[in-house]
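J.: Residue-level listing of the chains:
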Amino acid sequence: MSGAPVELDDVDDAVRVRMVVNGRKVACDVAPRDTLVDVLRGPLELTGTHAGCEMGACGACLVQLDGCAVHACLMFAVQADGARIDTIEGLSASGVIADLQAEFHRRNALQCGFCTPGMLMTAHELLSQVARPGREAIRDALSGNFCRCTGYEAIVDSIAAVAEARAAKAAEGSSR
Amino acid sequence: MKARAFSYFRARTIDEALAAHAGAGDEARFIAGGQSLVPALALRLQAPTILIDINHVDELRGIRREGDRLRIGALTRHREMLTEPLIAEFAPLLRAAAPFVAHPAIRNRGTLGGSVALADPASEFPAMVLALDAEIEIAGPSGRRIVKADEFFIDLFETALAPGELLVAIRVPLFRSNQRIAFDELARRRGDYALVGCGMIATFDQHRIADIRIALFSVGNLPMRAISTEAALVGSRLDAERIAAAQTALGQDLAPAESDDVPAAMRMHLARVLLGRVLGRLGEAA
Chain A
1 MSGAPVELDD VDDAVRVRMV VNGRKVACDV APRDTLVDVL RGPLELTGTH AGCEMGACGA
61 CLVQLDGCAV HACLMFAVQA DGARIDTIEG LSASGVIADL QAEFHRRNAL QCGFCTPGML
121 MTAHELLSQV ARPGREAIRD ALSGNFCRCT GYEAIVDSIA AVAEARAAKA AEGSSR
Chain B
1 MKARAFSYFR ARTIDEALAA HAGAGDEARF IAGGQSLVPA LALRLQAPTI LIDINHVDEL
61 RGIRREGDRL RIGALTRHRE MLTEPLIAEF APLLRAAAPF VAHPAIRNRG TLGGSVALAD
121 PASEFPAMVL ALDAEIEIAG PSGRRIVKAD EFFIDLFETA LAPGELLVAI RVPLFRSNQR
181 IAFDELARRR GDYALVGCGM IATFDQHRIA DIRIALFSVG NLPMRAISTE AALVGSRLDA
241 ERIAAAQTAL GQDLAPAESD DVPAAMRMHL ARVLLGRVLG RLGEAA
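One line per chain: the protein sequences are A and B, in this order. If you're matching positions, the first sequence starts at 1 in our numbering and goes up one per residue. If you're matching positions, the second sequence starts at 1 in our numbering and goes up one per residue.
Source of the hints: derived by calculation from the structure; they are not laboratory data. Any given hint could be a false lead.
Cβ-Cβ distance ranges computed for the label pairs, FRET-style [as the list claims (entries may be wrong)]:
| # | chain 1 | residue 1 | chain 2 | residue 2 | range |
| --- | --- | --- | --- | --- | --- |
| 1 | A | A98 | B | E241 | 40 to 48 Å |
| 2 | B | R189 | A | G67 | 46 to 54 Å |
| 3 | B | S142 | A | C68 | 32 to 40 Å |
| 4 | B | I146 | A | E136 | 35 to 43 Å |
| 5 | A | A14 | B | A22 | 23 to 31 Å |
| 6 | B | R277 | A | A165 | 51 to 59 Å |
Capping the alpha-carbon separation at 20 Å, the derived lysine to any residue pairs in SDA-like fashion look like this [claimed, not checked]:
| # | chain 1 | residue 1 | chain 2 | residue 2 |
| --- | --- | --- | --- | --- |
| 7 | B | K2 | A | R106 |
| 8 | B | K2 | A | V15 |
| 9 | B | K2 | A | E89 |
| 10 | A | K169 | A | F114 |
| 11 | A | K25 | A | L126 |
| 12 | B | K2 | A | K25 |
| 13 | A | K169 | A | D140 |
| 14 | B | K148 | A | D13 |
| 15 | B | K2 | A | R132 |
| 16 | B | K2 | A | K169 |
| 17 | B | K2 | B | G23 |
| 18 | B | K2 | B | R12 |
| 19 | B | K148 | B | N178 |
| 20 | B | K148 | B | R213 |
| 21 | B | K2 | A | D12 |
| 22 | B | K2 | A | L126 |
Just so it is clear, the structure is predicted and the values come from calculations on it, not from any experiment. Cβ atoms here follow ideal geometry from the backbone N, Cα and C, with glycine treated the same way.
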């Protein structure tokens, strides 16, 4: 311990936060200023959610808060007390985005992969709201997700292909 | 990119939120959607000692008809402007502007009350609230009050809200069958802040404009009404000649400042082009 004075303004109180993360009840002690992305990646060791710009511009930190995609860098973990959070790990394990993941892989819709969890979060939400979005609608939905590798074409292709495949499957199911 | 340390209080009622703010004085901040506040905290542009979370105050939610107005709770999320049938029916200008507000995930969390209270001059909703002749319902330590949108926006990020006051709801006149709306903006990329944006609502008497309110954003320190332009349109049919006259009149309403990325003359030009385009759409909406 050094004898350096501690500035009182920078002392954090610990707050107990309880959340349901990927279907599992968790409790952890956080400082009020800890963002949700930091708590997910740190104490909860869910590193699939990426911290990029930390100001809501790049979309790498998207998670689902009570079923809606939100930036985990734009809320404090303490605000999520009592909420349900689903991260890319949860969506992957449940299989709901398996077709999107396979299509991204097949079409090389990622190079470094940093943006991919956020891209998948946005794609998943878009396809749950609009069954067959056009390319313009897909690009519009992705306007808050930055990719510095791919130029987006393969990402848009993948989402459009999955939308078609899901629609075809639904039509097949309903014609039986 | 980390905020200064603060303590956190989750309010359940408006009174609780006001009391918490009164107890902390100037060092407190209310947080709603937080989509602008959290980056400001991370960049330490602001450093409150206590954050009062109003996301769980049920009194701030809900959309309902009240007499000849639609009362939209401050916590109504941007996304709800796209999904709520009452908005589509009675406040279609807000519906028309919503797809232009940031990106889907921001719209899931950002709130109407937060956007209006922040009064960012480049934001869509403050300007549309002005175009709609809305009333802003405010709660404070000394009770409730109503401020007209025309008197609410004072200067850059400055509104009629006093420290410790909370924006509770926005009340807009119900859309009527003899009215039309139009909205558009020019931006370098979808979801970016607009270079210039414009929304309007007009009341028609047969084919003549009986009344019109036009608001622009990204044109100055605050959302601005185009009063001279409105005057140039009232009593007239919306033909090409009249639209050109309105574009000329806009020069009396706006005086954009020089900026590094958009010269004033360019912004004025873009505002005229956009005004013509949006008025054209208003005519087509017949």
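J.: Is the Cα-Cα distance between A/K169 and A/F114 20 Å or less?
T.: violated, 31 Å
J.: B/K2 and A/D12 were given as a pair; does the straight-line alpha-carbon distance stay at or below 20 Å?
T.: Between B/K2 and A/D12 the Cα gap is close to 12 Å, so the pair holds against 20 Å.
J.: CA of B/K2 to CA of A/L126, is that 20 Å or under?
T.: Measuring from Cα to Cα gives roughly 31 Å; hence the hint is violated.
J.: Given a hinted range of 23 to 31 Å, is it respected by the beta-carbon distance of A/A14 and B/A22?
T.: holds, 26 Å
J.: Would the pair B/K2 and B/R12 pass a check requiring their Cα atoms to be no farther apart than 20 Å?
T.: Cα-Cα ~27 Å, so violated.
J.: Mind checking the alpha carbons of B/K2 and A/K25 for me, to see if they're no more than 20 Å apart?
T.: violated, 27 Å
J.: Given the hint that B/K148 pairs with A/D13, does the C-alpha gap stay at or below 20 Å?
T.: violated, 41 Å
J.: Does B/K2 pair with A/R106 here, judged by a C-alpha cut-off of 20 Å?
T.: With a Cα-Cα distance of about 38 Å, the restraint between B/K2 and A/R106 is violated, given a limit of 20 Å.
J.: Is B/K2 within 20 Å of A/R132, Cα to Cα?
T.: violated, 40 Å
J.: Is the straight-line distance between the alpha-carbon of A/K169 and that of A/D140 20 Å or less?
T.: At roughly 25 Å apart (the allowed maximum being 20 Å), A/D140 and A/K169 break the hint.
J.: Given the hinted pair A/K25 and A/L126, is their Cα-Cα distance within 20 Å?
T.: violated, 27 Å
J.: Under the criterion that the straight-line Cα-Cα distance not exceed 20 Å, is the pair B/K2, A/K169 satisfied?
T.: Cα-Cα ~46 Å, so violated.
In terms of the numbered hints stated before, the structure departs from hints 1, 2, 6, 7, 9, 10, 11, 12, 13, 14, 15, 16, 17, 18, 19, 22, listed from lowest to highest.
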